[in-house]
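Kindly generate the complete structure, drawing on both the sequences and the hints.
Same order as they appear, the protein sequences are chains A and B.
Just add 331 to the spot in the first sequence (first one is 1) and you have our numbering.
Just add 10 to the spot in the second sequence (first one is 1) and you have our numbering.
A partial selection of chain B residues facing chain A, derived with a Cβ cut-off under 10 Å:
#1 L104
#2 L111
#3 S116
#4 F125
No lab work stands behind these hints: they were computed from the structure.
Note that beta-carbon positions come from the ideal geometry of N, C-alpha and C, so glycine has one too.
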Amino acid sequence: MVETELKRDRIVIRLGTKKWEWVLEPRYWRNTLIWAVILFLFPTASYFVSPGLINTMISANIYAAIAMPLALLTIGTGRMNFGPQFYIGVGGYTAALLSISYGWGPLLTLPFAILMCIVAALIFSPLVLMARGLYYVLLTLLLPLVFLEVTFIYPDIFKGDTGLFGIVPLLDTGNAKTNFLYIGYISTAIMFAYLWIINKVLKSRYGLLMAAINDDEDVAHSIGININKIKIIAFVCACTMIGIIGWFYAHYFSSFAGITYLPLTFMLKILLVLMIGGRAQVFGCVVGGYFIAFLEMLMIRFMGPIQPVLFPIILLILLFVLPEGLFGLYRKRRYREYLPTIHVRR
Amino acid sequence: MVPLLKVMNLVKRFGGIVAVNDVSFEIYKGETLGFIGPNGAGKSTVVNCLTGYLPASAGKVEMNGVDISHMKPHERAHMGLARTYQIPRPFPELTALTSVLASSISGKKRINQSFQDAMYDATHYLEFVGLFSKRNILARDLTFYELRMLELARALATTPQLIFIDEVMAGLNPGEAKSAIRMIRRAKEEFGITVFWIEHVMAVLMEAADRIVAINYGAKLAEGTPDEVVNNDDVIEAYLGRGWREYA
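Have a look at this one:
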């Protein structure tokens with residue numbers, strides 16, 4: 332009988348009297364460059380083996396690309412935002428409506444999607460100053476649901492039931508398989524760009540100030556941090572980054588329906604990416620994104636109808652077993668490295 | 011002589027309760043001003059009003075002749091006000107060094123201060139309070155005394171002119187308390203700061219303070235040298251009760 336035991340820094344496998352230890356040595360797998368090369372080779376490899384994997388990879392990249400700004404948002408404002416998908420809706424609908432009405436391509440709709448997200452984020456940014464704790468959670472939770480209702484109330488504009496169709500696609504090479512390959516690379520590029528930007532910000536002095544705000548807002552204010560300014564800047568930037576993913580979704584699928592992204596189920600998946608990856612660790616978001624996208628794909632393929640029940644159960648068990656997330660295994664060994672995580676406030 | 015901080019008719023009401031009632035005093039550069047009062051007298055509320063954590067209901071606060079009554083806490087910190095808390099409030103997820111670093115970056119504005127400069131600064135203050143060897147320990151794992159020292163380092167790293175020290179003795183054993191007091195005195199001498207010291211233990215302030223202000227029920231009872239205040243009948247009554255003479 333094979334016995335496996337997950338210890339703090341190693342996996343111990345026992346078979347009878349024999350024992351193998353696999354030390355989770357971070358020296359190699361912490362090298363971002365190795366992972367970047369693997370991720371860039373992955374689409375080409377799966378292009379020849381199993382093109383369906385590219386689709387899963389795009390999902391994983393996009394989950395990670397939504398979770399990373401959400402991590403920045405959570406750390407920078409010191410509050411848990413439960414409605415990041417609202418900005419996916421704003422970005423997506425802006426791109427979709429402009430593209431359908433004027434026949435604009437993705438490059439033309441992008442600046443307008445960004446602009447609309449900035450405006451929407453600025454309008455709702457006073458929330459991070461006025462509300463905290465449960466009130467903030469409730470308000471942010473309600474925003475996407477209200478937006479979803481609006482798409483049903485005005486079906487002429489948003490086509491709430493069916494969604495908007497006929498959006499100019501992101502790429503059109505004439506071959507669907509090649510399109511997938513290129514879009515796989517675009518999604519990887521977006522994910523890496525977000526990873527680079529957010530990691531740079533969190534490692535800079537502003538990241539340190541955000542971590543201080545995340546830990547204790549009042550104390551941070553009293554040592555001279557202009558908390559309102561930092562919170563609003565973090566909120567607007569992170570929401571805009573999430574909004575860009577809405578633009579990507581609209582042009583990638585050539586259709587955009589609020590009912591796909593605005594309900595709680597989609598939000599739950601993103602929050603799980605954030606938590607399973609490792610309590611708002613940016614690198615953890617990538618790990619969490621890939622983990623959840625591939626787990627979902629495997630379960631849909633092999634579990635069939637039981638998948639909607641088993642998928643959340645597996646994730647909940649993981650949350651219970653690994654409260655610090657997958658990246659927490661690494662952080663435990665290297666606690667000296669300065670990496671802010673979310674601090675759940677009463 | 012222009013006072014460093016001038017508090018004029020400070021009032022703070024919480025609904026119908028008057029926590030601070032018409033308190034006025036001045037703090038002069040380089041002195042140590044003791045601030046005493048029984049439990050619930052309103053000492054911490056005064057500090058909260060002065061540092062901007064709570065908005066005052068009425069009254070005026072001037073620093074170096076500038077009205078700071080309506081300034082926000084971070085603006086007051088940039089003017090040179092710093093504080094420590096009665097119950098230490100560290101940044102639990104940050105290491106000791108990064109806690110002080112955050113304060114060094116965000117305190118009083120320093121021209122062309124790079125991240126590295128701030129790091130050197132933070133190291134200096136951490137070494138000053140004797141926590142250099144614990145620089146990489148998360149703040150939540152430090153002992154109570156170390157947290158007090160970390161708070162002091164964090165306050166000093168903002169390069170203040172005036173530092174509010176809130177009950178430094180609370181929760182420390184006699185040996186730790188002694189070294190904490192020594193540390194505050196050294197800080198005052200080395201960095202040329204003015205100290206506003208709230209304390210429960212009278213003996214400490216008798217030794218350390220140049221002047222003492224006593225308050226009770228939010229109103230000022232007495233002001234003067236430590237000997238004057240300790241022998242003031244109103245102050246003794248506030249601490250011991252009305253019938254203290256019978257047992258004296």
